Amino acid sequence: MNLAQTQAEFSRSLLGGSTSPINLAISGPAPAQQLLQLYRNNFVISLTEMLEAVFPVTKRLVGEEFFLQLSKAYILACPLRQAAIESYGQGFPDFIDNCPQTDSLPYLSAMAQLEWNLEQAKACTLKENFPFQQLSEVPQTLQSSISFTLATGSQFMHSEFPVFSIWKAVQQQQFEGLDMGQSERLIIVPRPVESAELVLLSEPQFRLLAAFRDKQPLSELTLPPDFQELLSGWISAGIISGFELITEEIKHD
Amino acid sequence: MSDTQTILPQAIGIGLRSPHFQQVLEQHPDADWLEIHSENFFNPASAQRLILDQIAPQYPLSFHGIGLSLGSTDPLNSDHLKQLKALVDCYSPALISEHLSWSSVSGQYFNDLLPIPYTSESLLHFSDRVKQVQDYLGRNLLIENPTAYLSFDHSEFTEAEFLAELQHRSGCDLLLDLNNIYVNSINLGMNLSNYLETIPVAAVKEIHLAGFTRQQLDSGEILIDTHGSRVSDPVWSLFCAYRQRCQAPALIEWDTDIPALSVLMEEADKAREYQQMSSDWQRVSA
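These protein sequence lines map, in sequence, to chains F and L. Position 128 of the first sequence, counted from 1, bears residue number 128 in the working numbering, the numbering being contiguous throughout. Position 151 of the second sequence, counted from 1, bears residue number 151 in the working numbering, the numbering being contiguous throughout.
The set of hints was computed from the structure by calculation and includes no laboratory data. Certain hints may be false.
As the list claims (entries may be wrong) - Keeping only pairs whose Cα atoms sit at most 30 Å apart, straight-line, the calculated DSS-like set for lysine-lysine is:
(1) F:LYS72 with F:LYS168
(2) F:LYS122 with L:LYS82
(3) F:LYS122 with F:LYS168
(4) F:LYS122 with L:LYS131
(5) L:LYS131 with L:LYS85
(6) L:LYS82 with L:LYS131
In this text the structure is predicted, and so the values were computed from the model without any measurement.
Produce the complete structure using the sequences and hints provided.
Below you can see the structure in the form of structure tokens.
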């Protein structure tokens, strides 16, 4: 058996489960099936641990045993396609959404999405300082072309479920007053040293920040009466990290 | 690119893992060098890279890879290689290492270091791949001996013979994990002395020290290379004995159930004590 055949057979044995026949001539301190089970366990357990680390609240919502089954099904259905495992789990929220066994928890997929977004924000660096000086130097004639830029790695989320409230309730083990019919909008902002903050937004606030994300200049937006106050709060909270002047060329790029 | 870093002979390092980032930055523990897992630092815009930027000027570094899948019959992953080169060029680490293993086939990755059969075909394949990577990086690779829970009946070489021949053909250096050698000696009945005699000592540029756990199977006990406990007594003895021949920098490696930084530093101190003991024995016997 050549190297390619050996690896194809090994791979088939790892993915096939403990009852699949083994077409490899191997030796070791235990029968072949048990030896391969050690590798099967390593592969499934290491990816399960990765999912557990990224989706701790999702896990708490369904319990350890169910989460293990869900993870195993996901690992076998959606194999790892690159060596770096940081992006593994991106499809987990969709997988949950399509999994009939989670039908009784319709918000579970949204919770997994929130946790995935949180992880992505945590992985980003936060090193921007808002350029107050440059902003003050923008001539009055160009001020309506300003669009504010969001902190690198910020993640938007709009859910028909109160995901942020559920997330907080699970952290604090305090479920009283949860209105499951409430939709929620939020932004997740990177914080220094592998952390991130979740900020709940009203619908107008969400629309305004999304417009900045889409590089819309102030001239095209209907600003709320408390815009200055909001802007100042978002800058000090690190949600807005800079600004740019949106010219016609930029808009058409 | 800055000058390549250096790690001195007999230097004792620790594996840098994310739970200790902040503490290492703040307390600057007395480790002679640090080893990172290369893949965790590929993203130049990540928080990890910000940490590495701060740590790199303070410690010599070794970049230890787990994802190149050198033994795989799939083509080398050019994206992975590009990212590794960018990282290496950015920090010029003292050492760059990978494993004698494979972890992917037909585009499916297993996040594990899987065993290869030690055949002439594997040797040719593996040494070609090592040469390709070395040429691309412009740096020598260290290849680490793996833990294996099985051996292929059609192997033509022992693991040590394979590593020695690989080193000879590709010009690579070696990273000797003494825990892996011990675990394999128990699980697969490998002879420790023969193994160490076969390895070309001049090519050994790094030593790993780690812990294992015991697992009970129906057929008996097996040692599992968990890298999740203190270095065992038999591995310390092996280190002490091998130190008389090899002065390569040694590392305390701990990857699962990561303990407080102080525990890693205790293990590093222990390595220094065993190193001293070994040196004393050598003087007495001379």
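**Asked** Does the structure break any of the earlier hints, and which numbers would those be?
**Response** Violated: hint 4 alone.
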